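Engineer: Below are the chains, spelled out letter by letter.
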Amino acid sequence: MKIVALAGSNVGSKTRTATHKMVEIVQEKYPEHEITLLDLAEYQLVFSDGRNYFDYDGDTKYVTETIMAADAIVIGTPTFQASIPATLKNIFDLLPVNAFRDKVVSVIVTAGTSKHYLMVEQQLKPILAYMKAHIVPTYVFIEEKDFLRKEIVNDDVLFRLERLAEDTVMVTDAFAEIRAKKDAEYDF
Amino acid sequence: MEKYRIDQSQGLEFGLYSLGDHIPNPLTGERISAQQRLKELVEASQLAEQAGIDVFGVGESHQSYFTTQAHTVVLGAIAQATSKIKLSSSATVLSVSDPVRVYEDFATIDLLSDGRAEIVAGRGSRVGAYHLLGVDLQDYEEIFEEKLELLMKINDEELVTWEGQFRPPLHHAQILPQPKNGSLPIWRAVGGPPASAIKAGYMGIPMMLTTLGGPAVNFKPSVDAYREAAERKGFDPNELPVATTSLFYVADTTKEALQGMYPHLNGGFQAIRGGGYPKQQFAQATDTRDALMVGSKEQIIEKLLYQYELYGMQRFMAQIDFGGVPFDKIMKNIEIIGNDILPAMKKYTAK
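Keeping their order, the protein sequence lines are chains U and C. Going left to right, the first sequence walks through residues -8 to 179 as the numbering used here numbers them. Going left to right, the second sequence walks through residues 963 to 1313 as the numbering used here numbers them.
Next up, chain U with everything else stripped away, as it sits in the complex (with noise of 0.2 Å):
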């Protein structure tokens, strides 16, 4: 399967550094997998103005297409005004309305103070249900004290972020083979 890991902001490390180290976790329990990080504060996007996604030029068609090309998307988010930022909004408003169907989409969210912990709930599912993605129920949250000069120094984090990754794989598997077996119901 394809997997993309997006860090959705161009400005800060937390959300970066736990993205990193989602890919790590993937490439290690599942070398099998294709696992693509797209951070966008290396990519220069332009703003939505409403064409398809692929008729876009550099580095706004290369993120939009690597997304659509993707089997599972697992989403890192900090938390900008109790939301998210408008990097990601921007993402999501380049893509087509159905962009999520047939694609499972996971959640890690970073924020300043515990108070944002249902940030993703309220801002961010509406978002992906809206596209149609198979959300991945739990998501990751983790908070300034979890981090220490770019590293992740909470343990718990760490093993959250690997059921994170069992589960994100674990769910696209179950949709393909659910998917398979409908479309085997289908005689055209």
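Treat the hints as calculated values from the structure; they're not laboratory data. For clarity, every value in this text was computed on a predicted model and none was experimentally measured. Possibly wrong hints are sitting among the right ones.
[As the list claims (entries may be wrong)] Quick look at which bits of chain C chain U covers, simulated, 3 or more residues with Cβ under 8 Å: (1) 1082 to 1091; (2) 1215 to 1226; (3) 1242 to 1256.
Yeah, the Cβ is synthetic: ideal placement off N, Cα and C, and Gly gets one too.
Once you have looked at the hints, place chain C on chain U.
Structural biologist: Just chain C now, with coordinates in the frame of chain U:
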């Protein structure tokens, strides 16, 4: 309706239209040349005429996977190759053209075809034309409204005096040649949601509405909103034709139709929209209540009658060549339409 060359006593008009899409046949992975595609379009129009189909439409798109960028030239060729069938765009991306040039082209096609040309003006559902021809997408709404108003003015008046934002003014301009009978039927192409149907109603312009798939009843609000808006502006909705369009594939059996259409529909959506057509949704499509025209001839007739009852439209336009459908399958579709579907529809809808 006469103004729009529609005789309702003849029943529902049935037309074919093509976007001139140029997509590999997903079954072979091969793509015919653009030249072959264009020639086959002209040939299809002749077969359509022989089958008794009323209208043949060619649309304009300016990007990869399309061949009919110069759709008026293709319609000119079809005008020469045929003698009875009505010729229409489906649609003309008016926003990126000068309405004067568009009118000149279609008036010329009208003269060459002995009064068979019609314009369907749209904004385009793809943005390729805007980038290529230097039109700012920021003006998407306004540029179309202005240009369509001008196009209608040219159609109605002999000497045109006009001023707007997106084109130099016209002072007592005579737009030549004039079409055979003084004016052309001009339709407004409308996508799914009611907002642009309402705009068409306010303008008192015939509406061609895309109903590409999903429950047919979902498009009913657009038809109602169109007629209500027309009435509010003092137009008589009974004098304004409505056309609907859908993707279309008929075969001898349901199974054959589903198997025949799916790879093309899915491949075409993948190429043009960047996401395939869900099998689950496609499996529901043979239901009479679904707008996607796929099934046996009996199912298609049921669907058309259901929609005729629902929308009370004057014309139905079928897209039978989407997604690299090979020519033998296009011929087969035209054959079934001519032999079975048209006679049944005329029988049920002609007065």
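Engineer: None of the hints should be skipped; say for each whether it holds.
Structural biologist: Do the hints match the structure? See the list:
1. 1082 to 1091: holds (count 3)
2. 1215 to 1226: Our answer is that it holds, as 5 residues pass the Cβ test (under 8 Å) against chain U, meeting three.
3. 1242 to 1256: Satisfied; 3 residues make the cut.
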